[in-house]
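J.: All chains should be built: construct the whole structure from the sequences, respecting the hints.
There are 2 protein chains.
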Amino acid sequence: MATLIAPMNHSPKEDADVLWKAVKGWGTDESAIIAIMGQRNAVQRQQIRQAYQDIYQEDLIKRLESELSGNFEKAMYRWILDPADRYAVLANVAIKSINKDYHVIVEIASVLQPQELLAVRHAYHNRYKNSLEEDVAAHTSGYHRQLLVGLVSSFRYDGVEINPILAKHEADILHEAVKNKKGNIEEVIRILITRSKTQLKATFNRYRDDHGFSISKKLLNEASDDFLKAVHVAIRCIDDHKKYYEKVLRGALKRIGTDEDGLTRVVITRAEKDLKDIKELYYKRNSVHLEDTVAKEISGDYKKFLLTLLGKGH
Amino acid sequence: MATLIAPMNHSPKEDADVLWKAVKGWGTDESAIIAIMGQRNAVQRQQIRQAYQDIYQEDLIKRLESELSGNFEKAMYRWILDPADRYAVLANVAIKSINKDYHVIVEIASVLQPQELLAVRHAYHNRYKNSLEEDVAAHTSGYHRQLLVGLVSSFRYDGVEINPILAKHEADILHEAVKNKKGNIEEVIRILITRSKTQLKATFNRYRDDHGFSISKKLLNEASDDFLKAVHVAIRCIDDHKKYYEKVLRGALKRIGTDEDGLTRVVITRAEKDLKDIKELYYKRNSVHLEDTVAKEISGDYKKFLLTLLGKGH
Numbered sequence: 001m002a003t004l005i006a007p008m009n010h011s012p013k014e015d016a017d018v019l020w021k022a023v024k025g026w027g028t029d030e031s032a033i034i035a036i037m038g039q040r041n042a043v044q045r046q047q048i049r050q051a052y053q054d055i056y057q058e059d060l061i062k063r064l065e066s067e068l069s070g071n072f073e074k075a076m077y078r079w080i081l082d083p084a085d086r087y088a089v090l091a092n093v094a095i096k097s098i099n100k101d102y103h104v105i106v107e108i109a110s111v112l113q114p115q116e117l118l119a120v121r122h123a124y125h126n127r128y129k130n131s132l133e134e135d136v137a138a139h140t141s142g143y144h145r146q147l148l149v150g151l152v153s154s155f156r157y158d159g160v161e162i163n164p165i166l167a168k169h170e171a172d173i174l175h176e177a178v179k180n181k182k183g184n185i186e187e188v189i190r191i192l193i194t195r196s197k198t199q200l201k202a203t204f205n206r207y208r209d210d211h212g213f214s215i216s217k218k219l220l221n222e223a224s225d226d227f228l229k230a231v232h233v234a235i236r237c238i239d240d241h242k243k244y245y246e247k248v249l250r251g252a253l254k255r256i257g258t259d260e261d262g263l264t265r266v267v268i269t270r271a272e273k274d275l276k277d278i279k280e281l282y283y284k285r286n287s288v289h290l291e292d293t294v295a296k297e298i299s300g301d302y303k304k305f306l307l308t309l310l311g312k313g314h
Numbered sequence: 001m002a003t004l005i006a007p008m009n010h011s012p013k014e015d016a017d018v019l020w021k022a023v024k025g026w027g028t029d030e031s032a033i034i035a036i037m038g039q040r041n042a043v044q045r046q047q048i049r050q051a052y053q054d055i056y057q058e059d060l061i062k063r064l065e066s067e068l069s070g071n072f073e074k075a076m077y078r079w080i081l082d083p084a085d086r087y088a089v090l091a092n093v094a095i096k097s098i099n100k101d102y103h104v105i106v107e108i109a110s111v112l113q114p115q116e117l118l119a120v121r122h123a124y125h126n127r128y129k130n131s132l133e134e135d136v137a138a139h140t141s142g143y144h145r146q147l148l149v150g151l152v153s154s155f156r157y158d159g160v161e162i163n164p165i166l167a168k169h170e171a172d173i174l175h176e177a178v179k180n181k182k183g184n185i186e187e188v189i190r191i192l193i194t195r196s197k198t199q200l201k202a203t204f205n206r207y208r209d210d211h212g213f214s215i216s217k218k219l220l221n222e223a224s225d226d227f228l229k230a231v232h233v234a235i236r237c238i239d240d241h242k243k244y245y246e247k248v249l250r251g252a253l254k255r256i257g258t259d260e261d262g263l264t265r266v267v268i269t270r271a272e273k274d275l276k277d278i279k280e281l282y283y284k285r286n287s288v289h290l291e292d293t294v295a296k297e298i299s300g301d302y303k304k305f306l307l308t309l310l311g312k313g314h
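Just so you know, the protein sequences line up as chains A and B, in that order.
Following full-length UniProt numbering, the numbering of the first sequence begins with 1 at its first residue and continues without gaps.
Following full-length UniProt numbering, the numbering of the second sequence begins with 1 at its first residue and continues without gaps.
Hint data in this document are derived by calculation from the structure and do not stem from the laboratory.
There may be inaccurate statements among the hints.
[What the hints assert, rightly or not] Distance condition first, Cα-Cα at most 27 angstroms in a straight line; then the derived DSSO-like pairs of lysine-lysine:
| hint | chain 1 | residue 1 | chain 2 | residue 2 |
| --- | --- | --- | --- | --- |
| 1 | A | K168 | B | K96 |
| 2 | B | K129 | A | K168 |
| 3 | B | K129 | A | K201 |
| 4 | A | K197 | B | K197 |
| 5 | A | K129 | B | K96 |
| 6 | B | K197 | A | K96 |
[Stated by the list, open to error] Computed Cβ-Cβ distance ranges for the label pairs, DEER-style:
| hint | chain 1 | residue 1 | chain 2 | residue 2 | range |
| --- | --- | --- | --- | --- | --- |
| 7 | A | W26 | B | D172 | 54 to 60 angstroms |
| 8 | A | E116 | B | K96 | 29 to 35 angstroms |
| 9 | A | G159 | B | K100 | 26 to 32 angstroms |
| 10 | B | K62 | A | G159 | 22 to 28 angstroms |
| 11 | B | H10 | A | Q113 | 54 to 60 angstroms |
| 12 | B | Y283 | A | D54 | 44 to 50 angstroms |
| 13 | B | D172 | A | K276 | 51 to 57 angstroms |
All of these numbers come straight from a predicted model, not from anything done at the bench.
By construction, the Cβ of each residue, glycine as well, lies at the ideal position given by its N, Cα and C atoms.
T.: So this is what it looks like as structure tokens:
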């Protein structure tokens, strides 16, 4: 379930008016902006952008960028974008990052539904005049490239059929590869980039049944290079993306100096989807409410905004 | 330009009636079937299928399959299908072929526009409950797999921008790889599966300018294994698919015992697109009209049907 609280009825025109008053003249009324934008869903936000453009003849996003700053600005910018466009931005930022945040790309390619991923690839064309796989390939090499390009290019079958014999067979292939570290890596890539998610989950379950521990746990101990790390993230995202996101949040908040990019990314991308479930997982795992940790670790308008998206009001 | 001659106005209901009379009772009026189906475009054919289903409560395709036979049946079956669905069938037949007709897969992936290829992948899901890349990957290995999976999974940027420096750089990479046969094959794959067609054409032109001959000509002399053959087909299809198809036709008709599958495939898939241009290329290259060769090499209803699609009447 989502954490976002959006009204059934809203007037895009009235919302645009409030925003205009919040940004015009000297100073900015950040609280008013948060109160509106933090409580509108994707469709409503696009309607507000459109109404704002129609009435005031300027781009709301550009205006907010010039009024806001820091992590708050970054979070608001990503939030306002249409989801496919937002993922395109997240992927591009990751590709160009100095830290090589390629796990973000694996995450996007592995968590999204096949049709959603196609929409992201389309948005990427429009925005960057390149294909997503083109830019990913240009920044990677070897098996790592093969896996990442395969993941972002995938259009998985999304039916519910499971082939148990195949699951057993491919669980064995994965096991061999992880065990020997030299096993048939090409086969591991083939399995991860082409099989349906339902089939892959069956394969991971079979692995667990046969070996008494999950393949992602096994990989966590072994993952030393970029390639194995990417395999690990892909498997976690396909197997149970909510648990994966809980861990991203935990890691982001536990660090000395919070990882704001990770925190923002999870809150922004999941608030309209399943952030409530992720919050519950977080509480179970850490015996503290996600909102309380967020409130402690970050501050200012950025904090107000994320807490609003987390459904806490403001 | 197309060779198909389709009337602006047609009545799906009347067409369905004619077809019903042609198949009902003893015997089949193949000429009537050809006169209708051989002169209707993709939209009209789907309307006829629908009208036939509505009026006679049976599937026109199934009925024709039971009434017709041999190459005529095969050609008619492929012709009636919606194009995306037809390509899905052609790809699946190629994947499962004993002769490993994987060039058909390279051809489909390289000739179609990015959006058309996505539609084929979608049709493939619906028909085979697998993804196209999944089935391709399961039947191939090594670099050959990497190239084929990459090609069928591609969603190329389709803008017209060209980067001439990149074209020079990547023409050099291709040259090195073809020259040494060991060059950086992964880079060749990356270039072929991710770059836009416009960019790739610029790269191939640059190769030609720098070396005095085309890369496909060079490859033709070198292509000894499945991988290099696939590279050759991909480059030809991207560089100039009409010339490529002319050659497929020439090869199909020159063989002792015509290659009906190749002949059917080109006529069926291009009749509504650019078969007229391909016919002209054929005439220039062979000093004989394509229709005349077709008329000489094949016979019966199959011949009547293909000649109709070639715009010759019947």
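J.: Hint by hint, say whether it matches the structure.
T.: Now the hints, each set against the structure:
1. Note on K168(A) and K96(B): the hinted pairing holds, with a Cα-Cα distance of about 23 angstroms set against a maximum of 27 angstroms.
2. A C-alpha spacing of about 19 angstroms is found between K129(B) and K168(A), which places the hinted pair at or below 27 angstroms, so the restraint holds.
3. Proposed proximity of K129(B) and K201(A) is supported: the alpha carbons are some 17 angstroms apart, at most 27 angstroms.
4. Restraint check: the Cα-Cα separation between K197(A) and K197(B) comes to about 31 angstroms, which exceeds 27 angstroms; the hinted pair is violated.
5. A hinted pair counts as satisfied when its Cα atoms are at most 27 angstroms apart, and K129(A) with K96(B) does not qualify at roughly 36 angstroms.
6. Distance hint between K197(B) and K96(A) is fulfilled; the C-alpha atoms sit about 24 angstroms from each other, no more than 27 angstroms.
7. Checked against the given bound of 54 to 60 angstroms, the beta carbons of W26(A) and D172(B), roughly 57 angstroms apart, stay inside it.
8. In this structure the hint that E116(A) and K96(B) lie 29 to 35 angstroms apart at CB holds, the actual value being about 31 angstroms.
9. At roughly 27 angstroms, the beta carbons of G159(A) and K100(B) sit within the given window of 26 to 32 angstroms.
10. Here the CB-CB span from K62(B) to G159(A) is close to 24 angstroms, well matched to the stated 22 to 28 angstroms.
11. Separated by about 40 angstroms at the C-beta atoms, H10(B) and Q113(A) break the suggested range of 54 to 60 angstroms.
12. Between Y283(B) and D54(A) the beta carbon distance is about 57 angstroms. The supplied range of 44 to 50 angstroms is therefore violated.
13. Range check, D172(B) to K276(A): about 54 angstroms between beta-carbon atoms, so the 51 to 57 angstroms window is met.
The structure fails to meet hints 4, 5, 11 and 12 from the earlier list, while all remaining hints are met.
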